[in-house]
Every structure is written in C-alpha cells, then in structure tokens.
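Colleague: So you can see what is in the structure, the chains are spelled out below.
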Amino acid sequence: MTRGELIRWSRLHDRRARAGWWSSPWAIALGMGGLVAALVAWRAAAAGYGAASTAWLACAIAVFAFAFLRVPSLIYWRSDAALLAQLPIEGGALLDAALLRCARAAAATTLAAIAGALPLCGASARLYAHHVAYAGVLGLCAAALLPAAATWAALLVASGPAGGARAVRVAVAVASGSPRRAVAAAATRAPASPGAVLGALPGVIASGAIVVALIASPYLTFGATAREVAPWLGGLALASVLALAAVHSPGARVMPVILRDVSALDRQRLAPLEIRPLTAIERAIAAALGGAALAYRKDARLMRRRYPMAFALGALAFLVLAIVALARPADPAPWLVAVLGAAAAYGVALAGRLHRPPIELPRLAATLPIAAAARARARIAWVLGWWCVFVIVPSAFALARLPERAVGAALLGGGTLVVIAASARREHV
Amino acid sequence: MVIARLDALTVRYGKRTAVDGLSLELVAGEIALLLGPNGAGKSTTLAAIAGAVLPSGGRIELDGEDLATAPRAARAKIGFADQPPALYEFFTVEEHVGFVAEARGATRDDALAVLGTLGLAKIAQRPCRELSFGMRQRVGLAAALVGPVELVLLDETLNGLDPHAARAARATLRATADAGGAVLMSTHLLGVAERLCDRILVMDAGKLVADRRGDDVKALLAAGPHAVEDLYVSLIADVGPT
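Protein chains in written order, with my numbering: chain A, 1 to 429; chain B, 1 to 242.
These aren't lab readings, by the way, just hints derived from the structure by calculation. C-beta atoms are modelled at their ideal positions from N, C-alpha and C, and glycine is treated no differently. Mixed in with the good hints, there may be bad ones.
Claimed, not checked - Which residues of chain B face chain A? A partial, calculated answer using Cβ under 8 Å:
| id | residue |
| --- | --- |
| 1 | Ala86 |
| 2 | Tyr88 |
| 3 | Glu89 |
| 4 | Phe99 |
| 5 | Tyr232 |
Isolated chain A, as found in the complex (with noise of 0.2 Å):
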C-alpha cells in the first residue's frame, strides 16, 4: 500500500467516525476560536487590550497544551495500531499518515488560535500580526516538534532496554519534577518503564516548549522586540523542523516495529494496577448515598485506577486558583475564566467516560438489580466530589479573596451546573 492510499484510507476511516459535519476539526477549531475571541473581547472592552492579550495568552497556552498531549494518540497510541503493525505496509507510509494526522490536528488548534485573536484588530492590525506569528510557532511546535519528540520515545522503545536509556531515565526524573531524582537517574543502571518513556519524553519537549513560548509572551504586547524574541521563538520553530527532518528517516525505517511494540505494551497495559481501598471521603461519599453506594464504590475504584490523570490534573486546577487567589492579580477574570472553563470541560469528560467501559459496562448494569436512577446517582456523586474537591474549594477561597466575585461566581455555579448534567444524562445499553 502506498503512502497516498493510506493517507485515503485513514481519512475515509476519521470521516466514518464523525458523528456530523460539527464535529470536524475544523468546525471544532472554529467554534473553540469563537469561544476564545468572545473571552478576548469582553476583556477587551472591560480591562483593555493588555488584558485581553493576557486572556488569549491564557487560552493559546491550554489549547495548544491538549494538542501538544494529542500528539501520541495520533501517531502510535491508537486503537488501529495492532492491525496497521500485522499488514505489509512500509515504515514511510505509516510515519507519512501520522504525521499528517498531526499537521492536520495542529493547522485546527492554530486556527482556534488565530480566530480567537481576532478581536485584537481592534486595537492595531500589528497587535494582531504579532498573536498571529506567535500562534504559528506553537502550531509549528505541535506539527513538528511534538511529533518528532514522541517519533524519538517510540525510537527508544522498539530499540530495546539499552537504547538512550539513560537520557529515557533523566527525562522521566524530569518530568516528575525532582532534580536530585534526575541526578540519580542519571547514575542509575535501573531500565525505565516503556510506558513512562512513551509518555514522559513528549511531556518534558511539551512543557519545554510551553515554557519557552512564556518566556517570548512580552513580544505579543510589544514588550519585546522581535529581535530579542528571535532566540526563543525562532530557536523553538527551527529546532521543530530539524526535530523533524532527524527522525523522520530512523522513524520511518521502524514505524512497523513501533506500531507493534505499542500494541504489545498496549495488552501488556504498561503499568501494574495500584489497587488501593477508597479513601475516607469516598467512603463517607458511599455512606450517604444508601442504594446507590454500590456502583459509587464501583466507580470510585475503577477511576482512581484507570483515570489517575483526574486527580493530578484536579490538584493542577486547585494550585493554579489557590495562587491566584494568594496573588490577587489586577485582571483575575481570564485566570478565573481559564481555569474553571477547562475544568468544566475536563469535568463533563470525565463524566462521560463514567458512562462507557471500562467504567461502566451498560449491557452487563442492565442485567443487574441496580436501578438505572441509583446508576446516575453515583456517577454524580463522584464528579461532584471532584469538583468540590478540586474546584470548589479553591474557588470560594479564591473568591473570597477577590474584588471580582460575579464573574468568578457566574462561572462556578454554570460549571457546577454543567458537570451535574453531564453526569445524570442516561447511559445506552
């Protein structure tokens, strides 16, 4: 099969699997850019165009962040792996598809982000120009440079124990977020895990680039030159396309290998289970709710197994508004704006995957004596418990703090709102 022919194949396959023409990238890319430019311009004309640029900077870095993550899911951590690694299909023409995917899946974020930049003309066609370029490199970030790094972690996997595995050890002590750790890392002879190396390495270039695109920020509002920015967004688009161009010929030689090393750890499920009993909140959460305290106990389990991503991405949302409310910045309203949008939505993600295996199983729940009323309960019982956790009690404490409480207010009682819908909707058998 050629290159062409795949790259065909695999977008008649992404079509099939949309639900309708609004759920395209695109139309996806155009209604987020719309949500943003509405944030931007409320900002706009309540605070001014600094800070609406800080607002937009605020939803580019979170947009741009998810692509960033996307990135191993649309080259090798996909449900297809297994048959594309049993067919004879050449390494190129694997890499090719991928990449394209990810080019494709970075051109829909770069969108957002432009869109949602366009109330900034407003203020000067230059100001805009300026968001625009910005945007381009972190597009270019996600078409290029996350694609190589995670091209690079697959390398080191299909190569065996002893392939880089010493940088592989640093990189995931990186990405835990101790030095002294990567110093022994370093030092170590230990092989580290293939899951971690899958995951860790992309998210230590991710955070890098995030970083780096931080640093460059004062350029969006002229507070830097475009000389002085050169190092740090020129360096991140140039060192994204020699990424690139480096791994895409050893890439292309093992995609096979890759794709079949993923789906072998993807059965092997990278990583044991931690089986742990529930904490005292979940159990004080199962005491109150009588009937439904089965299923409760149920999920409780089965998401701290499955999804532990919740609660560091949760204690993540707790941080941020626990040191924006210590902080008391001037303009809190795109923080707050930011933060409680991206936790409604991952909240509403999250009750969504309440209601499909591996959390829910509906055909095996239909045939137990579980009412699907007290099924509901529980998964409302669990995403509340979440965002009170998680949301709730950062915010009222954040919102005790500030001068701006209606926003911060209107938001947490819509997202609370949201969560619980998403929830309680039924499950089909």
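Using the hints provided, position chain B relative to the given structure of chain A.
Modeller: Frame of chain A, contents of chain B only:
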C-alpha cells in the same frame, strides 16, 4: 416447575427481526441447549431474557413475574454470561465477581465460593484486563452463577475452556440445575453439549424450529456420537449467515 416463560418474544433491530415471536418454557432442573446458525437470534434471545436488550414485543416471565413490570427483583435471579463476557477490566477477578454478587444481594464469601468451585481462586487477585480468553470466559461464568440465581443464561461461554475448566464448568452447571435452577446455553460445541443437555432447542431466522426434551433427547443421544449434529444438519439448510 416453570422457571421462565417466553411468550411471543420479538426483538427487532431497525427493520431486521432478530427474534420472531419466540415462545417457550424453561423448567427447574433442566439444562437446555440453544442451537442454530450464526445470526439465528440465539444471542439476542439470551440477551433479551437477561435484560441486556429491550424486546420489541411479547412477554418474559420469571417465577410468574413479568420482567417488564418487576425487572429489578427478577434480575437478581438471572445470571447472564455475555459474549464476549462483560468484565470490569480494572477490577480484580474477586472484585468483579464480588461486585456482581453484592448487586444480587449475595456476599463476598459467595463470590469466593464460586471462584473456588470453578478453579479461579488462584487468580482472584489478578486484574481482569490481564486475563486470557479462556480465563475471561470462566470469570464471566462465575459472575453468571454467583448469588441467588435461578436461571443461568450462557452465550458461547464454554468455548475456549481447557479440559479441566470445561469439566468444572459442566459439573457446576449440573449442580445448579439439580438444585432447582435452569440453564439455557448457546454453543456450537456439540460434543460438550451432548454430555450436558436435557433439552435441545434449535433456532433459525429468529424462530424455534425444533424442541426436543426428555426421552426424545435420551433416544437421540443414544442413537450415536453425531446424533445432535445430524439433527442440526437435517433441520438447518446450509445457506450461510442469515
């Protein structure tokens, strides 16, 4: 004693009728074998009785209670092993079977007892996602049997079991029937079925085309080693999936 009664059960998927006016009774103490070609409606029939599929028409009674009006009470008496078995991948085997047991009003000890009977005690602490095909079948069977189950529905559950596991499964199913329960199972393993069944039901195109029980079945099985296969071939034309 009649445990379950199907009266003109009909299930449609859009314009296609998967089960077409099926009527039958399942009595205590019997193991009934449901045969038929691929697409005959066997799995849909089992899923409809279990509550995993909503019937388009007809009536299902369990112990004289209509499943449509008293579904929760009835669900505790029905054990269903789906194909493939629906397992909570991130639960251990014990947790999965324990969850189903508790949902049916049974205890953790009941779950452990079923796991022991089916030879699964050694893997009780293993996550379901790490299990092989045959192990998953056995855990699905354990979940179907645990608790105060009177009607056991098995959809190809004996496929993929090793000889020891198959023997333990057959013994457990016989014990369930002897204790006053009923078993309705679909399978294409006619040899296994011949050693186990008291009744043979054959479906084709959503309808029941044969129902042999009691002395008929004994006579059939006494007729030779391939008697069930011969019966099947004589009833079902080889026209591929319907």
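Colleague: Of the hints stated earlier, which fail here?
Modeller: Of the numbered hints given earlier, the structure breaks just one, which is hint 5.
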